[in-house]
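Starting from the known structure of chain H, fit chain G onto it as the hints suggest.
The chain contents come next:
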Amino acid sequence: MRFEIDFERHYAHPPEKVWRALTDKEALGQWLMETDFEPVLGRAFKMWCADGEEGTDTYLCELRAYDPPRRMVWSWVLDGRQAQGETVVEYRLEPAEGGSRLAVTHSGDRDRETIERFKGGWPLKLADLEATLAD
Amino acid sequence: MDVYHAIADPNRRKLLELLAGGERSVQAMMPHFDVTIGAVSQHLQILLESGLVAREKRGRFRFYRASPEALKEVHDWTRQYSRFWESRLDRLGDYLDGTP
Numbered sequence: 085m086r087f088e089i090d091f092e093r094h095y096a097h098p099p100e101k102v103w104r105a106l107t108d109k110e111a112l113g114q115w116l117m118e119t120d121f122e123p124v125l126g127r128a129f130k131m132w133c134a135d136g137e138e139g140t141d142t143y144l145c146e147l148r149a150y151d152p153p154r155r156m157v158w159s160w161v162l163d164g165r166q167a168q169g170e171t172v173v174e175y176r177l178e179p180a181e182g183g184s185r186l187a188v189t190h191s192g193d194r195d196r197e198t199i200e201r202f203k204g205g206w207p208l209k210l211a212d213l214e215a216t217l218a219d
Numbered sequence: 154m155d156v157y158h159a160i161a162d163p164n165r166r167k168l169l170e171l172l173a174g175g176e177r178s179v180q181a182m183m184p185h186f187d188v189t190i191g192a193v194s195q196h197l198q199i200l201l202e203s204g205l206v207a208r209e210k211r212g213r214f215r216f217y218r219a220s221p222e223a224l225k226e227v228h229d230w231t232r233q234y235s236r237f238w239e240s241r242l243d244r245l246g247d248y249l250d251g252t253p
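Quick note, the sequences are listed as chains H and G, same order.
Quick note: the first sequence uses my numbering, first residue 85, plus one each step.
Quick note: the second sequence uses my numbering, first residue 154, plus one each step.
The set of hints was computed from the structure by calculation and includes no laboratory data.
Hints are not guaranteed to be accurate.
Derived coverage of chain H by chain G (criterion: at least 3 residues anywhere in the stretch with Cβ under 8 Å from a Cβ of chain G; other residues may be distant) [to be verified]:
#: 1; stretch: 87 to 100
#: 2; stretch: 122 to 133
#: 3; stretch: 144 to 151
Chain H is nowhere near these chain G residues, computed Cβ spacing over 10 Å in every case [to be verified]:
#: 4; residue: Asp187
#: 5; residue: Val193
#: 6; residue: Phe214
#: 7; residue: Ser235
#: 8; residue: Gly246
Some but not every residue of chain G turned toward chain H, in silico, with C-beta under 8 Å [stated by the list, open to error]:
#: 9; residue: Thr231
#: 10; residue: Trp238
#: 11; residue: Arg241
#: 12; residue: Leu242
#: 13; residue: Arg244
Each residue gets a CB set at the ideal place from its N, CA and C atoms; glycine is no exception.
Same shape as in the complex, but just chain H:
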């Protein structure tokens, strides 16, 4: 089963500057997570939280696509959860009125075994789910 969430933001800064913030490890450490990222296609890197805000989880990543200053794709999986399948983060950047538009898509697959396991009841209201998806 596939999961996908999309985000889009406008930033009042040129694409080149936003791209630097997405691909420089010091900058990534300021807004995303601590990382040993290097802009080398196919290179593995890690992301972790220094402040413990999300616990001490480490994410194992790999640079899958690198097309400056337009598009970048990372694989992304929580260390210890590799069996659940990796997720993919895609950044798409383009010039926009007064700055840039950044679109981020986070998608993934989960193995069907967990999904097929039936448990009685219906723990969620569809309306809640729709509200979440509409966000």
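The following block gives chain G in isolation, referenced to the frame of chain H:
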């Protein structure tokens, strides 16, 4: 099959709500729909492929039931990552504003 596509259709959401009340055959659900049995079967097929519904054959009938785990998982996943990215992309904006 994409779970978002599966729940995008009102007839499929109605099927999910009916199945939430317990397992049912297509025939038993037909009175709730204005469309043909072929159309309902097609909607059920999409729900089956998304993992939201499971099917079992007993005697002459096929029984459908909801697999709420699939929905719960997508909900948890979405909520967790939505919060994460919303806060991080806000922070990226702050970072950009504060950087020459």
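So, going through the hints one by one against the coordinates:
{"no.": "1", "hint": "87 to 100", "verdict": "holds (count 8)"}
{"no.": "2", "hint": "122 to 133", "verdict": "violated (count 0)"}
{"no.": "3", "hint": "144 to 151", "verdict": "violated (count 0)"}
{"no.": "4", "hint": "Asp187", "verdict": "holds (20 Å)"}
{"no.": "5", "hint": "Val193", "verdict": "holds (18 Å)"}
{"no.": "6", "hint": "Phe214", "verdict": "holds (18 Å)"}
{"no.": "7", "hint": "Ser235", "verdict": "violated (6 Å)"}
{"no.": "8", "hint": "Gly246", "verdict": "violated (6 Å)"}
{"no.": "9", "hint": "Thr231", "verdict": "holds (6 Å)"}
{"no.": "10", "hint": "Trp238", "verdict": "holds (5 Å)"}
{"no.": "11", "hint": "Arg241", "verdict": "holds (5 Å)"}
{"no.": "12", "hint": "Leu242", "verdict": "holds (5 Å)"}
{"no.": "13", "hint": "Arg244", "verdict": "holds (4 Å)"}
The structure fails hints 2, 3, 7 and 8 (numbered hints given earlier, in ascending order).
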